[in-house]
Structure formats: C-alpha cells, structure tokens
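Enquirer: Sequences and hints are given; from them, build the entire structure.
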Amino acid sequence: MDQQINIQTGNEGQPIATLTDQTTGKQYVIPYRTDQKKLLVGRKKKQDVIPDIEIETDDTCMSGKQAYIWIEKNIIGEYSLFIQDTDTRTNKSLVNEIIIDHTFKFQVYDKDVINLGETDFKVCFNPTIQE
Numbered sequence: 024m025d026q027q028i029n030i031q032t033g034n035e036g037q038p039i040a041t042l043t044d045q046t047t048g049k050q051y052v053i054p055y056r057t058d059q060k061k062l063l064v065g066r067k068k069k070q071d072v073i074p075d076i077e078i079e080t081d082d083t084c085m086s087g088k089q090a091y092i093w094i095e096k097n098i099i100g101e102y103s104l105f106i107q108d109t110d111t112r113t114n115k116s117l118v119n120e121i122i123i124d125h126t127f128k129f130q131v132y133d134k135d136v137i138n139l140g141e142t143d144f145k146v147c148f149n150p151t152i153q154e
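Heads up: the sequence shown is residues 24 to 154, going by my numbering.
None of these hints come from the bench; they were simulated from the model.
A couple of the hints might just be wrong.
[What the hints assert, rightly or not] Derived DSBU-like pairs: lysine-lysine, alpha-carbon spacing no greater than 30 angstroms straight-line:
no., residue 1, residue 2
1, Lys96, Lys61
2, Lys49, Lys60
3, Lys96, Lys115
4, Lys128, Lys67
5, Lys67, Lys115
6, Lys134, Lys60
7, Lys96, Lys60
8, Lys67, Lys134
9, Lys60, Lys145
10, Lys88, Lys67
11, Lys49, Lys145
12, Lys115, Lys145
13, Lys134, Lys61
14, Lys68, Lys128
15, Lys88, Lys61
16, Lys49, Lys88
17, Lys49, Lys115
Expert: This is the structure:
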C-alpha cells in the first residue's frame with residue numbers, strides 16, 4: 024500500500040520538493056531525509072544502478088545516473104534544496120539554463136526549471152514549516 028505524503032511537509036513535518044515534468048505533468052517527490060543523503064535521479068531503464076528517483080521518460084538524452092538532488096537542514100533549522108550533476112562526460116544538467124557540474128552543489132529555489140537530458144522540470148519547494 025502506498026504511503027500518503029503531505030505535499031507541503033512530508034511524513035514527519037519536514038519539507039519536500041517536487042519536480043514536475045513540463046511535458047507530461049508527472050510529479051516526482053524529493054523527500055527530506057534526516058541523513059541528508061544525495062538522491063540519484065535519472066531515467067528509468069534496465070541497468071545495474073537504479074536511481075533513487077526514477078524518471079519515466081522516452082528522453083534518450085537523460086541517463087540513468089543524471090544528477091543528485093537532496094534537501095539539507097542547516098544548524099539554525101533552515102531547509103535548502105540542492106542539485107549536483109554526476110561525474111559523467113555527457114548529458115549535462117542545467118538549472119535555469121545554467122550548466123551545473125559535479126564539483127559543486129547548486130542551490131535550487133521554488134519555480135526554478137531543472138533540465139535533465141532534454142526534459143524540463145519545474146521545482147516546487149516551500150522550505151518554511153509551520154510547527
């Protein structure tokens with residue numbers, strides 16, 4: 024049975040982000056994890072490495088290991104969303120048409136557009152939690 028998730032705050036009151044495929048409208052959830060693990064996002068296909076967030080697409084320009092995305096909580100309790108490209112030589116990822124790479128984490132904000140392969144995703148992220 025699928026677990027119900029509050030789109031604003033996740034299971035335990037932590038924020039989550041969603042990526043909405045601008046072509047299909049399908050949404051993908053990026054949950055806050057207390058271990059702040061980087062979640063691998065990529066095209067769903069048969070391969071040795073299965074992404075944490077599998078994108079259902081026919082976009083052959085998107086790899087199965089496209090980028091890492093995660094939510095961090097800093098020392099004063101603020102949440103931020105980050106993306107980092109994987110260490111591949113092809114299939115670069117972009118945020119608002121800016122190429123990102125594997126050497127730094129790029130902060131992403133609500134309504135930003137992330138491009139993975141040839142697919143655009145709109146970010147929905149509300150880091151403010153009402154306690």
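Enquirer: Compare the distance between the alpha carbons of Lys88 and Lys67 with 30 angstroms, and conclude whether the hinted pair is satisfied.
Expert: holds, 10 angstroms
Enquirer: Quick one, are Lys67 and Lys115 close enough, alpha carbons at most 30 angstroms?
Expert: Within the cut-off at roughly 17 angstroms; holds.
Enquirer: Is Lys96 within 30 angstroms of Lys60, Cα to Cα?
Expert: Roughly 12 angstroms separates the two Cα atoms, so the pair holds.
Enquirer: Hinted pair, alpha-carbon criterion (30 angstroms max): Lys115, Lys145. Please report holds or violated.
Expert: holds, 17 angstroms
Enquirer: CA of Lys134 to CA of Lys61, is that 30 angstroms or under?
Expert: Given that 30 angstroms is the threshold and the Cα spacing comes to 21 angstroms, the pair holds.
Enquirer: Taking 30 angstroms as the top limit, are the C-alpha atoms of Lys128 and Lys67 close enough?
Expert: Holds. Lys128 to Lys67 sits at ~23 angstroms (cutoff 30 angstroms).
Enquirer: Can the restraint linking Lys49 and Lys60 be considered satisfied, given a maximum Cα separation of 30 angstroms?
Expert: Satisfied, since the Cα-Cα distance of roughly 23 angstroms is no more than 30 angstroms.
Enquirer: Hey, Lys88 versus Lys61, does the alpha-carbon distance stay inside 30 angstroms?
Expert: holds, 12 angstroms
Enquirer: Mind checking the alpha carbons of Lys49 and Lys88 for me, to see if they're no more than 30 angstroms apart?
Expert: Given that 30 angstroms is the threshold and the Cα spacing comes to 19 angstroms, the pair holds.
Enquirer: Quickly compare the C-alpha distance for Lys96 and Lys115 to 30 angstroms and report which way the hint goes.
Expert: Given pair Lys96, Lys115 holds - Cα atoms ~27 angstroms apart, limit 30 angstroms.
Enquirer: Take a quick look at whether Lys68 and Lys128 sit within 30 angstroms of each other, Cα to Cα.
Expert: holds, 26 angstroms
Enquirer: Below or equal to 30 angstroms on CA atoms is what counts here, so check Lys49 against Lys115.
Expert: Satisfied, since the Cα-Cα distance of roughly 22 angstroms is no more than 30 angstroms.
In terms of the numbered hints stated before, the structure departs from none.
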